[in-house]
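Visitor: Using the hints provided, position chain P relative to the given structure of chain G.
Which chain is which? The protein sequence lines are G and P, in order. Residue 169 in the working numbering sits at position 182 of the first sequence, and the numbers go up by one each step. Start counting at 1 in the second sequence, then tack on 18, and there's your number in the working numbering.
Think of the hints as simulated: they come from the structure by calculation, not from any bench. Built from N, CA and C at the ideal position, the CB exists for glycine as well. Among the hints, a few may not be true.
Claimed, not checked - Some chain G residues close to chain P (C-beta under 10 Å, calculated; not the full set):
no.	residue
1	V141
2	V313
3	V323
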Amino acid sequence: MSSPEPRARAVARLIAGTPAVVSLVGALLLTTLVMLAVGVDPGLAYPALLRGAFMDGNLEYTLAAYVPTLGMAVAFAIPFRAGEFNLGGDGQLALGGITAAALALSTGGAGSFVLPLIGAALAGALLAALSAPLHTRLGIPAIVSTLLLSVPAVSLASYLARFPLAEQGTGLAQTPLLPLAAHLPSLGASTYVTIGLPLVAVLTVLWLLADARTVPGYEIRALGANREFARYGGVRVSRLTALTLAAGGAFGGLVGGLIVLGAPYRFVDGALTAPGYTFTAIAAVLLAAGRPLAVPVTVALLTILQAGGQGMEREAGVPSQLTQIVQGLIIVIVAVAAVAKARPSRRPA
Amino acid sequence: MTTFLAAVLTATAPVVLAALGGLLCSVSGVFNMALEGQLLWGAFTAVLFSHLTGSAWLGVAGAVLCTTLYALLLSVPAVTFRADPVVVAVGTNLLALGLTAFLMRQIFGSGGTFSSPELAGLPTLAALGLDAPVAGSQSPLVPVAFLLVAAAAWWLGHARSGLRLRGIGQHAEAAESIGLRVPLYRHAAVLGAGALCGLGGAQLALGNVTLFSEGMSAGRGWVAVVAVMLAGSRPWLGLAACLLFGAAEALGFRLQGLGLPQQAADAAPYLITLLALVVVAAARRKEAPV
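Looking at chain G on its own, in the form it has when it is part of the complex (with noise of 0.2 Å):
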């Protein structure tokens, strides 16, 4: 960058040179190719897409969508920052959902909104944090461990809505309606926002802060960078594992109770791992290719695909599983851009 290029330039020539960008435009172009190999007319979908997103009124959903989606973002980005996969999201969210349900109905709503939210962390939290010494005890990767636990975590959620916690004389896999104390506070006229959403974004600015400013931040960054180069410099690797894991538990168990504690104001079985927000984050974490500041933009644009999927679905006929596929694509492509970008001229082989 030695000749005096102008700036104006340069600055959209490094944008559109980051792997995110590369990636999102690759996998739409993807996107629209899958589109007309099956038939689709991009000039209807994109528009339908945007619609679902934003107008008719889904602009609530879709912020509602975004909530889930950016916490279990964190929830997968702060294990790993330190190297550790957390794949078990699912788990986290489930059973941090029942427990906040479970907490709600039999303190009778004494402990408002706040105390199901506390249990719910603190579940999702244990959960993740068992991979932990099964990793630097036993070597067995988080990867595996944390996807192993999460489908019985699922199951034991679901056993838990359908009998002990059902609702009686339904037949339904749902707990009863949460007492009314328990119910999250709306946001203005918004049924779906609720200040989840301002909770949401507090804890993940604390996160942004606490990795980019704080010792442990350092630390946790040096032990994804080379495990054995911060263990020599004397972090301590196993106890951060296990907070690294732990805290990305709890904001799985939260996002589950924030949803459950939100409308339809009960736990029902299934909903809070069928909108598949675990991978959608997941997505949109390594999109961001390991810059956390974009993880909130990323997340974001994610969302925006997801929620407009199901308008795509509405108008244009287009299975809303179209987004998933971008999503797949996405990470693939990501993963080769991150390579590329590392190892610009390749060596022989």
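Guide: Okay, now just chain P, sitting in the frame of chain G:
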């Protein structure tokens, strides 16, 4: 007892095939976590081709071909571009989930579960004239799965190319220095795993049952990953791990009939798999403390 053993074999076969593929990759030095998505893709394409052609065997062939091609999504980024295979696998697993659900709606016109009287399932061995107490109710792919384990065990231990594959996994530079083309072997291993997952998916969708439902791989690919971790480079050990999983699944199914909640039956295979992993890892630690 014979029905229980038969149920164990049926539950084990798809996992064994996927695990065998994962093992070939792991031996060559590629950590393959894409088995889950490939099993699902294999199951879908098996049903698709069986439905289109009316022949279960063409369904199997279609699944093997399509899943081998699908494995290119892992092999090209991970081997050619040296991208992180774990991240790529997370992507291809998610892609398989979306792609199968999407294509299912586009092609069969509905989501959830697809089955049709026109869908040809694999015949049982008994129907082919090979009736035996436990084996008779199995599809021909079940004995094929176990034979492939034996073949792989022999190949990795005795054949020149199998030994070379192991050498590449142990020390890629050394293997390169004697003129082996490392990427070629690794591509072959990843694509071979794709073919095996195609076979496993076909067994899942046309052998165990005759239908496709969204997400029907249901974590079996992850169990296969665990089996690979347990097995190291010994296929027989991987088979044992898969049998343990199959037994847990069959037992859970059996106990469900006796009043155990379905959720416990769903969870049991994963807990038992994890437990086995913990026990073996702890034993290995004791043998060689780090």
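Visitor: Against chain P, run the beta carbon of V323/G and see if the smallest gap drops under 10 Å.
Guide: holds, 5 Å
Visitor: Next item in the hint list is V313/G. Is there a CB on chain P closer than 10 Å to its CB?
Guide: Status holds, d = 8 Å.
Visitor: Would the stated hint for V141/G survive a check requiring a Cβ distance to chain P of less than 10 Å?
Guide: Hint on V141/G: holds, closest Cβ of chain P at ~8 Å, below 10 Å.
Hint check: no violations occur; every hint is consistent with the structure.
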